[in-house]
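Enquirer: Sequence:
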Amino acid sequence: MLRIYNTLTGKKELFKPIRQNLVKMYVCGVTVYDYCHLGHARSAIVFDMIRRYLAFKGYRVKYVKNFTDVDDKIINRANQEGRGWQEVAEKFINEYSHDMNLLGVKPATIEPKATEHIPEMIRIIQELIKKEMAYEMDGNVYFRVARYSGYGKLSKRKLDEMLAGARVEVDELKENPLDFALWKVSKPGEPAWKSPWGTGRPGWHIECSAMSIKHLGSPFDIHGGGKDLIFPHHENEIAQSEGYTGKDFARYWVHNGFVTIDQEKMSKSLGNFFTIREIFEKTGYNQAMTAEVLRYFLLSTHYRSPIDFSDQNLNLAKSALNHFYILFQKLDECKARSGKGDKQLAKGLKAFQSAFEKVMDDDFNTAGAIAQLQKLRNQVNRAMTCGLSRKSAAAVKKTFLSYGKILGLLQLNEYEFARPPLKINVADTVTVKDSVDVKTSLDGEMVARLVQERQEARLRNDWARADAIRKQLAEAGITLEDRPDGTTRIRR
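First residue of the sequence shown? That's 1 in this note's numbering, and the numbers climb one at a time after it.
Simulated from the structure, these hints should not be mistaken for lab results.
Nothing here was measured: the structure is a model prediction, and the numbers come from that model.
Each residue gets a CB set at the ideal place from its N, CA and C atoms; glycine is no exception.
Honestly, I wouldn't trust all of these hints.
Claimed, not checked - Ranges of calculated distance between the beta carbons of each label pair, as one might list FRET restraints:
#1 Q374 <-> S338: 44 to 50 Å
#2 N176 <-> Q20: 38 to 44 Å
#3 Q329 <-> I110: 38 to 44 Å
#4 G284 <-> N101: 18 to 24 Å
#5 D171 <-> K106: 39 to 45 Å
#6 D72 <-> E172: 16 to 22 Å
#7 Q329 <-> G477: 41 to 47 Å
#8 A371 <-> K12: 16 to 22 Å
#9 D262 <-> N101: 24 to 30 Å
As the list claims (entries may be wrong) - DSS-like cross-link-like pairs, simulated, lysine-lysine; straight-line CA separation at most 30 Å:
#10 K227 <-> K156
#11 K343 <-> K187
#12 K350 <-> K405
#13 K471 <-> K335
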């Protein structure tokens with residue numbers, strides 16, 4: 001039975017969707033004024049994983065993730081670049097979609113834009129004014145926090161404490177410093193829409209309420225986002241949405257933890273801020289490998305915990321994936337009709353499936369799920385020393401692929417994963433050259449060319465050519481050893 005940690009209650013709860021076999025989930029998307037950074041990647045991958053696991057459990061998932069396409073940051077960038085704000089927003093929506101595709105993040109069921117929901121926002125604001133939960137001042141409309149008794153229930157903050165110490169923007173038009181904007185008067189040159197209160201544009205918080213209620217109704221099952229959104233954004237969403245509908249807004253509130261860089265919080269001011277694009281350039285791997293490595297790294301820690309990004313941690317993720325893909329290559333080479341390890345492995349597969357689901361049912365514990373995949377990998381390696389049949393090898397590989405897919409991992413061709421340029425140990429090459437020149441007609445340069453050709457043949461799945469080259473080198477007294485890190489060792 002799936003249990004989810006609910007920020008609203010501060011504890012793990014048995015998950016029961018409002019409608020049987022249907023899960024409605026809303027996740028706050030990005031403000032599209034710049035390229036996505038590592039924090040965006042984590043949130044996107046976490047909720048993509050949650051969606052995949054819910055589907056694995058047999059649920060139909062209606063997933064809504066929005067684009068905030070009108071905001072001060074978008075307007076400022078447009079002014080700096082001498083472009084229209086719509087042009088800036090559209091550019092970075094496209095860039096976001098490109099980055100998500102690279103990361104293997106599936107598009108949400110619905111990806112609404114804030115600017116397409118202005119009428120819905122106006123209707124909500126009008127109803128809140130009618131209920132005296134909002135008020136208009138000089139063309140601006142504010143939510144009256146004091147009229148909503150549940151304010152602070154998500155963030156566990158009390159009104160008097162917030163008034164005493166909260167950092168709230170001073171605004172003489174507000175009745176109360178904690179009141180927040182639902183509608184703002186537009187400045188000259190800013191995007192603007194007609195409303196009953198004059199020309200203006202929506203506040204940030206009302207956008208998500210309007211989009212989630214329109215596409216999912218109220219209440220819906222899961223509302224997600226980063227921990228930084230708990231207050232004030234999600235707190236304000238709850239207040240205005242429940243004030244509008246008179247119903248619960250969302251049942252389960254799920255928040256992912258922060259990303260740090262070398263133990264420090266990621267920040268542009270500290271110079272430790274990485275976009276997804278920069279990370280793809282930084283690794284030196286091809287795009288598919290980088291996405292796989294980054295995804296493995298981000299899922300190797302529980303989604304609610306902070307995770308530290310460093311070269312070392314990324315390399316550890318690459319090494320771990322190498323071990324899986326090398327195993328897949330070995331499984332492909334199992335050709336026997338029967339093997340002494342078959343019976344042992346059959347028991348291991350059954351135990352793995354149960355253990356995998358058990359840890360994932362515990363609040364989407366991907367770290368535990370990856371540990372179970374690693375445990376199965378070790379069991380398979382031991383079973384292979386006793387011998388595996390082709391049928392057992394195919395079954396275990398299928399299991400890895402099926403359960404890896406839930407996490408969005410282990411879906412690459414095992415021979416593509418080692419696609420970086422071939423590395424040959426310098427000392428090994430010298431040894432080969434010194435000995436081969438004496439005893440064979442192959443010099444060191446020729447050996448290197450043949451090894452490179454064999455590597456390319458393997459990537460094309462041209463096994464006949466790869467085997468022929470290995471045989472040719474073996475006849476010259478040269479043995480090739482393919483290593484898990486993608487390099488090939490040459491031995492005499």
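Enquirer: Does each hint hold? Answer for all of them.
Expert: Results of checking the hints against the structure:
1. Q374 <-> S338: 44 to 50 Å: violated (27 Å)
2. N176 <-> Q20: 38 to 44 Å: Since N176 and Q20 have Cβ atoms about 42 Å apart, the given range 38 to 44 Å holds.
3. Q329 <-> I110: 38 to 44 Å: holds (41 Å)
4. G284 <-> N101: 18 to 24 Å: For G284 and N101 the Cβ distance comes to about 21 Å; the hint holds.
5. D171 <-> K106: 39 to 45 Å: At roughly 41 Å between Cβ atoms, K106 and D171 fall inside 39 to 45 Å, so the hint holds.
6. D72 <-> E172: 16 to 22 Å: holds (20 Å)
7. Q329 <-> G477: 41 to 47 Å: violated (25 Å)
8. A371 <-> K12: 16 to 22 Å: holds (19 Å)
9. D262 <-> N101: 24 to 30 Å: holds (29 Å)
10. K227 <-> K156: Holds. K227 to K156 sits at ~13 Å (cutoff 30 Å).
11. K343 <-> K187: Violated. K343 to K187 sits at ~73 Å, over the 30 Å cutoff.
12. K350 <-> K405: holds (18 Å)
13. K471 <-> K335: Roughly 20 Å between the alpha carbons, so the hint for K471 and K335 holds.
Of the numbered hints given earlier, the model fails hints 1, 7, 11; all others are met.
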